[in-house]
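Using the sequences plus the hints, can you model the full thing?
As given, the protein sequences belong to chains Y and E, one line each in that order.
Using this note's numbering, the final residue of the first sequence is 237, and nothing's skipped along the way.
Using this note's numbering, the final residue of the second sequence is 596, and nothing's skipped along the way.
You may find that some hints are simply not true.
The calculated lysine to any residue pairs, modelled on SDA-like cross-linking and capped at a C-alpha distance of 20 Å, are [claimed, not checked]:
id: 1; chain 1: Y; residue 1: K134; chain 2: E; residue 2: D479
id: 2; chain 1: Y; residue 1: K134; chain 2: Y; residue 2: Y121
id: 3; chain 1: Y; residue 1: K91; chain 2: E; residue 2: N336
id: 4; chain 1: E; residue 1: K570; chain 2: E; residue 2: Y543
According to the in silico footprint, chain E covers these stretches of chain Y (three or more CB under 8 Å from chain E) [stated by the list, open to error]:
id: 5; stretch: 74 to 80
id: 6; stretch: 87 to 99
Where chain Y lies over chain E, by a calculated footprint (3+ residues, C-beta under 8 Å) [what the hints assert, rightly or not]:
id: 7; stretch: 481 to 491
id: 8; stretch: 548 to 559
Rather than coming from a laboratory, the hints here were simulated on the basis of the structure.
Nothing here was measured: the structure is a model prediction, and the numbers come from that model.
Note that the Cβ used here is the ideal one computed from N, Cα and C, for glycine as well.
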Amino acid sequence: MTAGTGLTDVGRSELPTEIVLELESVDGGYGDLQVLYDLSLGLGEGEVVCLIGPNGAGKSTVLRTVFGLIEPWSGRVLLRGEEISGTAPEEVVRLGVGYVPQVKNVFGSLTVHENLQIGGTAREESEGVIADLYERFPLLAEKRGAKARSLSGGQRQVLALARALVMEPDVLLIDEPSAGLAPTVVEDVFESVRTVNELGTSVLMIEQNARAGLGISDRGYVLDQGTVKFAGDADEILDHPEVAELYLGG
Amino acid sequence: MCALQLVADGVIFSCIIILGSIGLSLVYDIANFPNFAHGDLMAVGAFGAITANTVLGLPFVAAAVVGIGVGATVGVATERVVFEPLDVGPLELLIASIGVALCYRAVLIGGFGSDPRSYDVGGRGRVEALHEATGIAASPRSIAIVASTLVLVLSLHLLLQYTSLGRQMRATADDPDLARVSGIRTRTVTTAMWIIGGGLAAAGGVFLGLDTIVRPQMGFDLLLVLFAAVILGGIGSVYGAMLGGFAIGMAHELTPLVPGVGTEYKAAVAFVIMILILLFRPSGIMGGKESA
Ligand SMILES: Nc1ncnc2c1ncn2[C@@H]1O[C@H](COP(=O)(O)OP(=O)(O)O)[C@@H](O)[C@H]1O
Ligand SMILES: [Mg+2]
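Next comes the structure, spelled out in structure tokens:
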């Protein structure tokens, strides 16, 4: 699929560490509309991996498929080698995977604190973790009683991230955390993603702002028309002339 | 009849409408369709209670609890057997719910006949002390209806605002996909919602039967008033349904105060309000998905 690019094909051998999450030749989509074509990718333990590619390439669909919001038509989704294809989202959460959707990622009619409590639905006790999150994200502590719909775009994005972190997931899927945010806020959000990763969570992130996204990532995949066109280390992708011209805006 | 009396009657009628509208709103909010069987579910509750009361000989209060249990059970069972297995859109569910309504009513008519029945319990006369003090004629039955409704509505409020289940219900109503993504087992939440909605509808039916008479058609006759209340309050908002139920119930009973308008126009008022709201503020007074 990447013949002649000079970049690596997607293969287990290329992944630096133990694979925590893997898609194996996944076809999928919505109703009759096929979006993903024979798509394979992997996320290694402790990595930040960035999915880039044009609008409509199927990036968000990859995350929805992993999370069980849609079922793959064929192929497999593996978590630590165990197949989880088609597992319902509320159960995927319980397997240690978190998901921050691109849009509609907070409960607008609930307060900040209630959003976090909902994030901890699947655990016995969440107040301790929530208290830690308030320390890490002081703006949330300030706004704990405010309805989420009253938050700014950046604050919402932080809340959406924190909501997923209440479960202390091993694997976190994040869909375009910087979409629609001012550049200074984008840096804060990326900083938070890095911190989450440093605390031991493997991150699979979609980023429209490809250069910035790859900048904080270990590896990247370029998706186009529902399949992986290029894969490699983040630096490799950033430096690759053809990828740069086609997908990074020159 | 003095205005104060009409207000008192309005409060009693409002209580019944509120109990019915809450469930209708909950179902709309979480299951996403207008349940046309909800009025008949009220009747099911009333008949559950009358069976326990007049056939099994239970005291009325115990019979009322049985009626509420029957309403909750029938609500959940219907969801499991009919609505949940149907993988169709809101319009098809609406039509299915009309079929369900007809089934409930057919069973009631088949089992009990169409003759009106009443509960075997006293408390019909007016409370003299209240009458002397205020001029309002209200029976101990009416007072019990208002007090019980307040307790039920307050309990629901506490449940929604201060318990994990209530929080999960509000989150699921707000965004079902995000709810699942956050780990909420939305199926459990939906079941709880049907139990609460069905139970409250049954309570409304029991109270309506206590205030007037128990007959198979009683709930269906109320259905459009319930819809008017829910639409007035903002479809899918439980607190809106409470407010809308109160407003519609009061408007219904206060109609005769308008000069030249007789009691025969009572029923039309709810629909006039409903149409006006749909024309001028379709999101309702609580503006749609505000609170739950
Ligand atoms: N819920 C949906 N129903 C039907 N088609 C959808 C849905 N969501 C996305 N699509 C389609 O799937 C394709 C890929 O979408 P998406 O995965 O969101 O792309 P990306 O995130 O890369 O921009 C697009 O053609 C889009 O129109
Ligand atoms: Mg997308």
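Consistency of the hints with the structure:
At most 20 Å may separate the alpha-carbon atoms for a hinted pair to count; K134 (chain Y) and D479 (chain E) meet this at roughly 15 Å. Of the supplied pair hints, the one linking K134 (chain Y) and Y121 (chain Y) holds, its CA atoms being roughly 16 Å apart against a limit of 20 Å. Between the alpha carbons of K91 (chain Y) and N336 (chain E) the distance comes to roughly 18 Å, so the proposed pair stays at or under 20 Å and holds. With a CA separation close to 24 Å, the supplied pair K570 (chain E) and Y543 (chain E) exceeds the 20 Å bound.
Closer than 8 Å: that is the beta-carbon criterion, and the stretch 74 to 80 of chain Y has 4 residues meeting it against chain E, so the requirement of 3 holds. Coverage of a stretch by a chain is defined here by at least three residues with a beta carbon nearer than 8 Å to that chain's beta carbons; for the stretch 87 to 99 of chain Y and chain E the count is 8, and the condition holds. For the stretch 481 to 491 of chain E, the stated coverage by chain Y is satisfied: 10 residues place a CB nearer than 8 Å to a CB of that chain, which reaches the threshold of 3. A count of 0 residues in the stretch 548 to 559 of chain E with a Cβ less than 8 Å from any Cβ of chain Y is obtained; the coverage claim is therefore unmet, three being the minimum.
In summary, the structure is inconsistent with hints 4 and 8 from the numbered list given earlier, while agreeing with the others.
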